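Peer 1: What follows is each chain in one-letter form.
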Amino acid sequence: MAFRLGVDVGGTFTDLLLINEQTGETWRDKVPSTPSDPSIAVVAGTEAICKTAGIKPADIGQFLHGTTVATNAVLEGKGARAGLLVTKGYRQVLQVARSLVPGGLAAWITWPKPEPLAALECTVEIPERLAADGSVITPLDEAGARAAIEALKDEGIEALTICLINSYVNGEHERRVAAIAREVFPDLPISLSHEILPEMQEYERALTTVANSVVRPVMARYIANLRGKLRSLGMAGRINLLRSDGGLMGSEKAEDAPVNLLMSGPAGGVTGALWVARHSGHKNILTLDVGGTSTDVALIEHGEARLRRETSVGHLTVRTSSLDVKTVGAGGGSIAHVPELTGALRVGPESAGADPGPAAYGKGGTEPTVTDAHVVLGNLPEDLLGGSFKLDVAAARQAVQRIADALSVTLEEAAQGIIDIANENMYGALRLVSVQQGYDPRDFALMGFGGAGSLHSNAVAQLMGSYPVIVPTSPGVLCATGDATTQMRYEHARSFNRMVPDTSDAEIADWLSDMAETVMRELEDEGVPRAQQTVTFEAGVRYAGQGFEVDLPITEDQFTGGGIAGLTKAFDVEHERLFTFNLDVTHEIVNLRAVALGQGAEMPAATLEAGTGDPSAAKVRDHRMWVAGVEHDAVIYDRAKLKAGDTVTGPAVVTEMDSTAVILPGHAGVVDAVGNIIIDRV
Amino acid sequence: MPATIVEPGKAPFQKVDIDTISLDIIENALRNARTEMDATLFRTAMSPGIREQGDAFPLIADRDGKMIVGQFGSFIGGFLEGYDGEIEDGDVIWLSDPYACDGAVSHNNDWLIIRPIFRAGRLVAWSSMFGHQTDIGGKVPGSMPTDATSIFEEGIRIPPIKLYKKDVLQEDILKLVLHQVRMPEWCRADLHAIVASCRVAEKRIHEICERFGDDVFASATDELLARNKRAMHQLFTTAVGEKPVSFEDYVCDDGRGYGPFKMKCTMWREGDVVILDFDGTDPQAAGSINFFLNENMLKMFFGIYMIMVFDPQVMFNDGFYDLVDVRIPERSLLKPEFPAALSCRTHGLGRLFDVLGALLGQGQPEFLNAAGFSSSPHLMFSGFWAGSNDWFQLFQIGFGGIPGRPFGDGPDGHSLWPGFTNVPNEFLERYFPLVITEYSSIPDSGGAGQNRGGNGILMTYRFTNAGTIAVHDDRWFIPPWGVNGGEPGARSTKLLRRADGSRTVLPAKCDNISVEAGDELDYITWGGGGWGDPLARDPELVALEVRRGLVSKDGARDKYGVVLAGKAVDTGATEALRAKMRKNRPEPSIFNFGPGMNTLRQNALTETGLAAPTPPRW
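Those protein sequences? They're chains B and A, same order as listed. Residue 58 in this note's numbering is what sits at position 41 of the first sequence, and the numbering runs on without skipping anything. Residue 470 in this note's numbering is what sits at position 451 of the second sequence, and the numbering runs on without skipping anything.
Worth flagging that the hints you see were computed from the coordinates, not collected in a lab. You may find that some hints are simply not true.
List of simulated lysine-lysine pairs, DSS-like, C-alpha gap at most 25 Å [unchecked claim]:
1) A:K572 to A:K599
2) A:K248 to A:K262
3) A:K586 to B:K105
4) A:K222 to A:K29
5) A:K194 to A:K181
6) A:K34 to A:K222
7) A:K283 to A:K262
8) A:K586 to B:K130
9) A:K181 to A:K283
10) A:K184 to A:K222
11) A:K586 to B:K170
12) B:K658 to B:K636
13) B:K636 to B:K407
14) A:K572 to B:K105
15) B:K130 to A:K572
16) A:K572 to B:K170
17) B:K407 to B:K658
18) A:K586 to A:K599
The structure presented is a predicted model; accordingly, all values stated were derived computationally and were not measured.
Chain B with its partners taken away, still in its complex shape:
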């Protein structure tokens, strides 16, 4: 049972990384994804990699998995039809929302009216009312509640949500309503708002809980199906899923609270990049995860990814923590087209996906994609996946020619235009996480990964001024690396909402110890012994009357004496730093948060044999590449044969089993001690 298997399901490929926890030895593999039932590829890949490594599935102690099943359910509107039970008088909580029309003056003229995540015809009112302090204003009318719930019987709901006013203080009514609902709908999953998000603000709490309901059936089916198949292979170990915040959670808990997994897929890439950051010596990194249909970008500073208190998927934003990842609809499968009206070249957001895929994949695709443009320019040699996958160059050229004809330019100019626009879209996303957050991209290295990241990273670095460009080892399975090496994590936040004069160190110490117990028990349930857990705490503080809090790290020990005084002082310092002023008013402690972390896998980066600096032993053949309208002599290298210290001068293409890297003219890549190629300007 000494093996860990990380599996990441992408839109095009399912990537696998197997680690022998005792020796640190690793195996990598990838198989084509099976979008109609992603578990098929997962199981096929698991069997294949076990065979390669010469082990049995029963030897896998931990199966660690990032998935986009929940993400796609939201993006494609294929989630469950969710029912919603609310307090009397609040049926339209999602319809009215926060009354916000995004945009500037007169933006309402063109703003599309959104449909609530739980349809209004599936939302009913429960006769009951709690006050803001949790006391009962109107007792729960159980007969009335039952009648209201029964009225949903004809609506075809597949999941049920309960969100009652002020339940974040007192969950009793929600629990009793749930008991009735279970009698009426014994087979439906029921999500309670005070469990999913015990925080003030009825709209955000309702929306987040409904989002949980919407993805719950599809995730439950997926997880149960996957678990069944893995068990039948003999895999008896733990199955953990990657959360949006980059931590892991057990698959049983994930079935109940899948809203925490909405950004599971992209989080895998970031946690993988964090692993590379730990081993490459580069602590400030912009990540560029280019998949088949989209590109995810994130910013890592001092070896840590930024965490947000919300998660956004498409137009949906819910209150669960996530790594700060931005997504744009530009990937290898993005389709280029020229609208007749404007005559402008557009790339995406439509994608050829995995099926039929780009024309070059020879699976019947005829639309010109970014991948086809790479083939035309010579960035992608004919052999992919170590020769097991042959590209159809003629089909790619034929597809891109249609763009060239529409624009009346040469074939190569059309291909370059497609790549330039895709790069510009990626650049735009990177700006959101860097410049717009106050970071100068020139202070960061750029790491491309995913199947096509290293095809674009050098060109995007040129736009951003972000150097060096890091081409990690096996960039295609970096997400799986992240899945396999990150930690179990459990987070628990509670609204505290007390003015400093009205609370005490002792009260906070009590809360923290209670919350610590909660999070440690959760991780213990997940198989992480307490001895291997680390618990950290944060307090959200603001001046009484402000609407936003500043999160500050605290410790349990602090509150044996002088804890609150220290906390308010730290707040004043931070407030002054962030906002240039302090106020002489009472502080409010808004919420407390406890996070328990397990231990990650120690997967050492394998060191590479030192070379002479001359890469010619790794040369595959001479090659021709088009860059910015000029055809260059170039060389193709086999990454597996490159040694530490070897310098590859651009223009060049470096191929490996799961990925291809481009080094542009005016640049050179040096292979570092652990096998990353570090590209810089020469």
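Following the hints, put chain A in place on chain B, whose structure we already have.
Peer 2: Chain A alone, transformed into the frame defined by chain B:
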């Protein structure tokens, strides 16, 4: 005498050619700086009006005071014209008196901060922001007396003064002002927050100038203004005709029993210039509904409406101001004479947007939206916590129905004001002595149409502590009109239900209404007007909206001609009813104003519970 700008490093900026990519980067950097201003404000301000609801407006202007990014256009020119002092590096200007800045802000509650940004002794840019203070003293909590007849009743007036000199806070001035207000902590925090926001913008401008050079920045702002002017010129010449078009609409009453007050605008184009002439607008009111309209602000409103109606891709700034000529008659509702009362100008501001929308769409009904700006309805609730000397004061902005649009239905209970949000009810209940027992949109209140007007909102407050309330709203007497066959939206109303069982319809504008614990207030806002023929709306959609509680079964039949059998559409009956309705109705005109002024007057008391306002005399 205009302001003197002290520039020891004065030297003309060198004109530099800029590639379009650098220009785009600078424009985006300024946009991001503006977004950061908002974020800083929301994170640090205290009054729910600013930090939850967004009643504050940032701006970054070039060295001449022209807005490059922002919302309502620049007023810095007006301020400079009226300020007789020197402006130096390190100054922070503070003001609130509309009469001292040519209407840059339009009531005393809006505190305006202006920060000149210097580099090496040269003025390169301005950052500025104003925000609505919950209370600035005066005769009523909230400082917007509905019955005021002069600005001296409307709280403290701040002329342009320096809050900071050489970046040193003038503590005495701040102390003096905060001594006048009921909520000094909120005002202090909100003021600091506004200053901090302006400083964030300043920091970003320094970064941009360091990266590109001061000359490049100056040339870039020039070019951004010129680029906008070119785009707007194109838009004006294609979308505004030379033949004058007029539209008039009304503010229902002045809070003193008189009304309605007409607002009229005529638009035409002479060559490159669009003229907006408010001739025919009623004289100024005796009460506080006067709206001191800054001409440049109106140009910006007009420009943004043009952009949003006809071509939302155009980026806007002050560059096109030469292309618009605004004419407002002196001593009118829109250009009152000092010391006319101004505090309740928000109704006029709202009505102005309805008038603008109607003017622009009149020539091209396919672009025409219905009416839906009632106002920015307010509720004030204040008093002492029972058994204590601690004061509480709530200022809350409500929302109504968005109009039916060519684009689609108007959203229910949403904000027409940019960036405004509601206050979470759980927040209200936690910090104020009240319970919100009902929070929903009102079926059938949105005007019927092929694209339905948004429904108004019913919000029921149950007070749990004695106090006083004030109400500010409009569209209680004259309904929001529908267009292209759409019906008018429902009117607003406020019903106070006492714990003793008595019921009172409150005027749309009133102060100092005492409430006791247990009293309930139904705060009902207006519905948006409908767009297009209601009989052309998909019957299945009408049926669905009945199930959703957005349209009643009777409403479906009477307004849309849709007959339901249970939950489903009775297709045969529906077709028959629709045919009959089509035959019996008059030919629809572009605008549907409802039954007309005379009928509204006759039926006012029975329909609204309030007597019709007395026609104003001058």
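Peer 1: Hint by hint, note whether the structure agrees.
Peer 2: Evaluation of the provided hints:
1. A:K572 to A:K599: Satisfied, since the Cα-Cα distance of roughly 19 Å is no more than 25 Å.
2. A:K248 to A:K262: Distance of about 23 Å is within 25 Å: holds.
3. A:K586 to B:K105: It holds: about 23 Å lies between the C-alpha atoms, which stays within 25 Å.
4. A:K222 to A:K29: 21 Å, holds
5. A:K194 to A:K181: 14 Å, holds
6. A:K34 to A:K222: 24 Å, holds
7. A:K283 to A:K262: Holds, at roughly 16 Å.
8. A:K586 to B:K130: Given pair K586 of chain A, K130 of chain B holds - Cα atoms ~24 Å apart, limit 25 Å.
9. A:K181 to A:K283: 38 Å, violated
10. A:K184 to A:K222: 18 Å, holds
11. A:K586 to B:K170: 14 Å, holds
12. B:K658 to B:K636: 8 Å, holds
13. B:K636 to B:K407: 20 Å, holds
14. A:K572 to B:K105: Between K572 of chain A and K105 of chain B the Cα gap is close to 21 Å, so the pair holds against 25 Å.
15. B:K130 to A:K572: 23 Å, holds
16. A:K572 to B:K170: 21 Å, holds
17. B:K407 to B:K658: With Cα atoms ~21 Å apart, K407 of chain B and K658 of chain B stay inside 25 Å; holds.
18. A:K586 to A:K599: The given pair, whose Cα atoms are some 23 Å apart, holds under the 25 Å limit.
Going down the numbered hints, you'll see the structure goes against just number 9.
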